Every structure is written in structure tokens, then in C-alpha cells.
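There are 2 protein chains.
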Amino acid sequence: MNIKDNINNAGSAWMNVDGPESDIVVSSRVRVARNLKGYPYPHLLEQEKAADIIRAAGLALQDKALAEETGGFEVARMAELSPVERQILVEKHLISPDLLVGYEKKAVALRDDEVLSVMINEEDHLRIQCLLPGLQLKKAWELVDRVDDGMENTMDFAFSEKFGYLTTCPTNAGTGMRASVMLHLPGLVLLDQLKGILISISKLGFTARGLYGEGTEALGNLFQISNQVTMGRPEEEIINSLNSVAVQLMLQEREARKVLLRERGEQLKDRVGRSYGILGHAHIISAEESMRRISDLKLGLDLGLIKDINPVQLMKLMVMTRPAFLLQQQQGHFAPLQRDVQRAELIRKSLKGEVI
Amino acid sequence: MNIKDNINNAGSAWMNVDGPESDIVVSSRVRVARNLKGYPYPHLLEQEKAADIIRAAGLALQDKALAEETGGFEVARMAELSPVERQILVEKHLISPDLLVGYEKKAVALRDDEVLSVMINEEDHLRIQCLLPGLQLKKAWELVDRVDDGMENTMDFAFSEKFGYLTTCPTNAGTGMRASVMLHLPGLVLLDQLKGILISISKLGFTARGLYGEGTEALGNLFQISNQVTMGRPEEEIINSLNSVAVQLMLQEREARKVLLRERGEQLKDRVGRSYGILGHAHIISAEESMRRISDLKLGLDLGLIKDINPVQLMKLMVMTRPAFLLQQQQGHFAPLQRDVQRAELIRKSLKGEVI
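Protein chains in written order, with the working numbering: chain S, 418 to 773; chain E, 418 to 773.
FYI, nobody ran anything at the bench for these hints, they're computed from the structure. There may be inaccurate statements among the hints.
[To be verified] List time: in silico EDC-like cross-link candidates among lysine to aspartate or glutamate, alpha-carbon distance up to 20 Å:
(1) E:K724 to E:D687
(2) E:K766 to S:D687
(3) E:K766 to S:D725
(4) S:K454 to S:E569
(5) S:K481 to S:D529
(6) E:K481 to E:E491
(7) S:K466 to S:D573
(8) E:K769 to S:D687
(9) S:K724 to S:E683
(10) S:K766 to E:E683
(11) E:K724 to S:E762
(12) E:K766 to E:E705
(13) S:K769 to E:D725
(14) S:K766 to E:D725
(15) S:K766 to E:D687
(16) S:K724 to E:E762
(17) E:K421 to E:E531
(18) E:K769 to S:D725
(19) E:K766 to S:E683
(20) E:K724 to E:E438
(21) S:K454 to S:E540
(22) E:K555 to E:D530
(23) S:K555 to S:D435
(24) S:K454 to S:D566
(25) E:K675 to E:D609
(26) E:K555 to E:D565
(27) S:K481 to S:D566
(28) S:K769 to E:D687
[As the list claims (entries may be wrong)] Just so you have them, the derived chain E footprint on chain S, three or more residues with Cβ under 8 Å:
(29) 681–687
(30) 694–701
Keep in mind the model is a prediction, meaning the values are calculated, not measured. Every residue, glycine too, gets a C-beta built ideally from N, C-alpha and C.
Same shape as in the complex, but just chain S (with noise of 0.2 Å):
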């Protein structure tokens, strides 16, 4: 398969709802940063040496003992792709936005069902990223801890006995992991309990973002949740720690849900039945709406209030109707009126079965 098959497709395996409390936890990740020895780090680096990289990082990838241990990836320089091919990949949450800024020398590599992806000279020179639907952030470290050790076996990795692992930004250096949680948590937005909540966990070391990382918006109730420390600590202990996070947030999530139900269910019934009618309907609908609508769709169908969805359709809808992904199928270009008239042609179809 190759990496335009994977962009032409909005379905992604963290999209699947057998991901255990996938009714909140959308889907865990864990990356880590690396950088090699005896290169500049990324935003220094010239077309020659970043080309270089990204060779290397193939060649590690393409090695017998960690493409049995871990599937084999496909590479694709970002500039093969085109600018809208490029979005798509951040709309499916596979690459980051870093990595369109100065594409020229850089590149992904991914695994077919876009479980493990290896971005190359984004911020550092390899990050080394596992997506996983629900909560399975111990199992995301594992996939990545394979990678980064069969990497490891072909490519010398800066790393300091005092700093541990070196990055460009020193505050991912030490173990260079992130991890992070996709949470849907609309019981807690309704209740406007979230904000209070999200202040107590950043004093706990954790940090809550929008659904396309820094500085986006929370759009369709979904918030990622994300350690800020990455030293002086072992990755399991992070790992450990988010896990609880999560499981607490959860919890709320779930206990606000309840509130809600008894409270006002009827104006929680009346908030999904409006949005499922009108996604059913709307000739004209905008991407940031859509999200809000299918955040209620997804929050109707998690407490039972509908039930004739498919609910793996509804993530896939997420990525569908972003800008990009929208562009993508239309082949063409739209002016905005005619971008939301196929944004949602392609809802009602969807939500009729039609589309996949």
C-alpha cells in the first residue's frame, strides 16, 4: 500500500471503537524524540544532510529484524505529496502541523494501518509516534519502544548520560516521550466543570490542548491530554501517571453524564435529536459545526439516545468533513458556500449509509 491510498482513505485503525473505554477515550499516543549524532538538529539542517536522514531512517525501518518485530513502513517525502495530501495526514492525526513548515526536507514514514508512524526532521530528527484507539497507553509505549530499539540498531542516537536522550526544544530531552490521550468529554463541557478540572490536572505535570495539538481549539469536545515532564522520570512512571489521569477524567466524564441524563435529559435528548435531524438534513453546514453535531451524535450514542449508527462511521465523519480531507474527494476547488454544500451532501450520505 502506499501512503496516498492511506490519504485518500478517512478511516485510520484509532478510529476503531473496540479500543477499550473507547465511549471516552478516543485514542491514546505515545511518541518519543530522537535526533542522530553528528547532524545539526532539524531547523539548522541543510536539503543535503536532511536528505541523508531521511535515508537512513528508511534503510533502519526496511532492517528484516524490526520489520518482523513491527510491520514494515512506507516512506514518503512531504515533498512528494501535495499541499492538500500533506493536511489530510495532520487531519488523521498522523503527522503534526510542524511538519508541512519547510516540507522540502522533510518526510513520514508509516506503518499500513497508520498504528506507528515515524515523522523525519520535524522539530527532531526522527519522532517516533504509535496511535492506538481507546485507552492503551502501555501497549502504545510498547509498539514504540520496539521501533525506537530496532532503529537504534542501525542509527547512533544523541543521547547523554547526564541529559538522557538530546532534543532540539530541551524540554522534550531526557526520555523524549510524549504521551497523550484523546478525550471526548462533552458531560463535563455541558456542566462547565472541565475548565476547573483541567487546572488541577496541569498542576499535576499534565497539559490539555485542542484536537490538533498546541494552540488549536477544543473543536468537538475533544481535548488531548499530555504529560509536560519527559525527565527525571522513567517512561512507565509517565505512562502510569497519564493512565490515571485519564481513567479520573473518565470517571467524571461518566458521572456528568449521569447528572446530565437526570437533570435535563430531556434537553440532552432534544441537543442530539436536533443534531442528528439536522446532519440528516442541512444542505449547507461548516466543518466546525459539523464537529459540534457529531460530538453530539457520538454523546447520544455512547448513553443509548440513538442507536442506528455506526459509530466507527462517525469518527471516520471527524476526519471527512475537515477542509482538506473535503478538497481531497472534490478533486477541485470550492469557494467556501460550495465546500459546506459538499460537506454536507457528504454527512447525509454517510449518515444514510451510502458513504463508507
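Given the coordinates of chain S, assemble chain E onto it according to the supplied hints.
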């Protein structure tokens, strides 16, 4: 059939959509005001004399010749009906809100199909009314004329050679006739053209009112157009001239709909689709929002944008979702929220064809 049965059924002959031009002209109404010689006008009438008039009207309507020609009537004193039942007669457009004030002296006579009715001791002793679906002013006038002639056989109407029929309010004297059409004009409202048109119409001696008569709001884009002048022109001329106004408005509305479809087709489909989706899935909905969205659906139906709705059902819904009808159906007292919940449920079921 008893009048209470009429009250319990939301349907009425005027909601029939087989009427001419019924895509825009919902209904046609003609009523004449008559007073009996030798009795004070209703607002000065004592209880006993009011009862005399109710009795006399009942007898006149039971006259064999009249009953054969126009069908039999059922008479009910307002005091026999509960407040909710009285309000439903208003919501069905069978009596005016004025008949509810000082109702102890008042009564209504109703033909089974609700096409003909006589309000007794409203502003005048008798108000004979005919209400037909679509644009049928001439037929409505003929039916009223027959009841009028039939009642005059046994009753002595106050009439002056100089002023014609005498009425409580001098603006009704002469023919004593008011004719009106109820028009659904969403296209002209959406294009913001209606206000200007209504000003021109008022210069021709016609007046526009909301759904429930003078001083009421134009709910659901429904407007009543009626003649202001009752004196100095024969009935047929008034009828013809209102008919021309209705035809003119109808053509303008059709043109407006064409313009909307051509220039704002997607917005129109979006509006109709969202209203359809919301009515089919909301769990809380106010009377005002219902009317607005049912109006959108009627427009969508008339333009062929939606197809799977029974148009008579839609007209019934306009009555069924009014506050009193809803109360009557639920046989109980509800807080406003509960009423909005009941209304939403009724609409959902109705659109699924579960309620008739």
C-alpha cells in the same frame, strides 16, 4: 356528531389540500354580520335576552328548508365547553377570540364538516361564516348567502334602506360582509418584499393580519387578507376584488419562490432540510418554532424539495401543535417545558405517520 367531537379532531375541511391554488392560498373565508330587530347589541344584552337569541338562532338553523339546503347544524353554548375546548375552536379558526370574552351569553353553531359556522352574540347577534380550503371566495359567499337567506325566513334582521344591514360597529354596516383569504407567503417574506406589497394592498381597501385575526402575529408566514370596506359596494364586487388581490399575491409569491430557487437554491434546501430534520428529531419545541418550521416544510413540499410528507397532515400539525389543542390531547396541566416536550413528541410521531 357533537361539537366536542369536532374539538377532539385536529382535522377540518379547510385543511383539505384539494382546494384550488392550495399551495399558496390555504383557505378562503366569508362571514356576514346580522342583528335582530328589537334587541340591544350583544355588549348591552342581558343574560335572558342573549338566551332568547341563541334559542331563536338554533330554531332558525333547524328549519327544514335551510337544513336541506345547507346541512344540519349543532349548537353549543360557550358555557357548556371548557376553557380549553373554547380555545381549540379558536385554534381551528372556527370562532374568533372575541367569542371567548363574556362567553356566558355566547354560543356557536357548527356544521359537521366545519365549513359553515354561526357565532351567536359575538360582536353582533349573528356572524354567519363559511371557511373553505384553497381559493374559493365565490363559493364561500354563496354558501353564507344561503344560510343568511334561510335564517332570515324565521328571523327579523335589523336593516335600514339607507345604511343596509345594521351592525354594532359601524365599519361593518352595509353588506355586513367580511371576506378573507389565508395566504402562505414564505417566499415574499424571505425576499423581504412582503411589507411593501402589504402597504399597496392597504391602499386598495384591504388589510393584512396575522394568523388569528386582528392584532395577532403572522405565525408561520401565514397572512390573512380581508376587505376593510363593507358599505357602498355589492358583495359580489368585494369578493371579486379580493379574489384579484389574492391572485396577484399568489403570482408574486410564485415568482419569489422561483427567484429563491434560482438564486438561493442551496440556502432554501438547507432551510427546508434543517426544519425537516429538527421537526423529526427534536425533543423540546415551542409553538412558535413549530409554526416556523412547519411553514418551511410546507414550502419544501410545494416546491418538490421534500416528498414523503402528507400535506393535509402538515396543515393539521399547525393546529395540533397550538397550546390548547395540545393541552386537550394530554388531558392535564403541564409546565411550559413539558408542553414543549409533548409537542415535540407529537410532531415526531406525526411525521413518522404514527398520528393522524
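Status of the hints after comparison with the structure:
Note on E:K724 and E:D687: the hinted pairing holds, with a Cα-Cα distance of about 15 Å set against a maximum of 20 Å. Straight-line distance between C-alpha atoms of E:K766 and S:D687 comes to about 15 Å, which keeps the hinted pair within the 20 Å bound. Simply put, E:K766 and S:D725 have alpha-carbon atoms about 18 Å apart, close enough for the 20 Å limit, and the pair holds. Between S:K454 and S:E569 the CA atoms are separated by roughly 12 Å; this keeps the pair inside 20 Å, and the hint holds.
Taking the CA atoms of S:K481 and S:D529, the gap is about 17 Å. The hint holds against a cut of 20 Å. Using a Cα cut-off of 20 Å, the hinted pair E:K481 and E:E491 holds, with the two alpha carbons roughly 14 Å apart. A C-alpha spacing of about 15 Å is found between S:K466 and S:D573, which places the hinted pair at or below 20 Å, so the restraint holds. Taken as a hint, the E:K769 and S:D687 pair is honoured in the structure, with Cα atoms around 17 Å apart against an allowance of 20 Å.
About 17 Å separates the Cα atoms of S:K724 and S:E683, which keeps this hinted pair within 20 Å; it holds. Pair hint S:K766 plus E:E683 holds up; C-alpha atoms about 16 Å apart against a cutoff of 20 Å. A C-alpha spacing of about 18 Å is found between E:K724 and S:E762, which places the hinted pair at or below 20 Å, so the restraint holds. For the hint linking E:K766 to E:E705, the alpha-carbon distance of about 19 Å falls within 20 Å, and the restraint holds.
Straight-line distance between C-alpha atoms of S:K769 and E:D725 comes to about 16 Å, which keeps the hinted pair within the 20 Å bound. The straight-line distance between the Cα atoms of S:K766 and E:D725 is roughly 18 Å, inside the 20 Å bound, and the hint therefore holds. With a CA separation close to 15 Å, the supplied pair S:K766 and E:D687 stays within the 20 Å bound. Between the alpha carbons of S:K724 and E:E762 the distance comes to roughly 18 Å, so the proposed pair stays at or under 20 Å and holds.
The suggested pairing of E:K421 with E:E531 holds, with an alpha-carbon distance near 12 Å, which does not exceed 20 Å. Of the pairs offered as hints, the one joining E:K769 and S:D725 holds, with about 16 Å between alpha carbons and a cut-off of 20 Å not exceeded. About 17 Å separates the Cα atoms of E:K766 and S:E683, which keeps this hinted pair within 20 Å; it holds. The straight-line distance between the Cα atoms of E:K724 and E:E438 is roughly 18 Å, inside the 20 Å bound, and the hint therefore holds.
A threshold of 20 Å between alpha carbons decides the hint, and for S:K454 with S:E540 the separation of about 15 Å falls inside it, so the pair holds. Only pairs whose Cα atoms come within 20 Å are accepted, and E:K555 paired with E:D530 is accepted, the gap being roughly 19 Å. Between S:K555 and S:D435 the CA atoms are separated by roughly 16 Å; this keeps the pair inside 20 Å, and the hint holds. In summary, the hint linking S:K454 to S:D566 is supported, as the alpha carbons are separated by about 16 Å, within the 20 Å threshold.
The hinted pair formed by E:K675 and E:D609 meets the criterion: a straight-line CA distance of about 15 Å does not exceed 20 Å. Our distance criterion of 20 Å between C-alpha atoms is met by E:K555 and E:D565, whose separation comes to about 15 Å. A C-alpha spacing of about 13 Å is found between S:K481 and S:D566, which places the hinted pair at or below 20 Å, so the restraint holds. Straight-line distance between C-alpha atoms of S:K769 and E:D687 comes to about 17 Å, which keeps the hinted pair within the 20 Å bound.
Look at the region 681–687 of chain S against chain E: 4 of its residues bring a Cβ nearer than 8 Å to a Cβ of that chain, three or more, so the hint holds. Requiring three or more residues with a Cβ within less than 8 Å of a Cβ of chain E, the coverage given for the region 694–701 of chain S holds, as 8 such residues are present.
Checked against the numbered hints listed earlier, the structure breaks none of them; every hint is satisfied.
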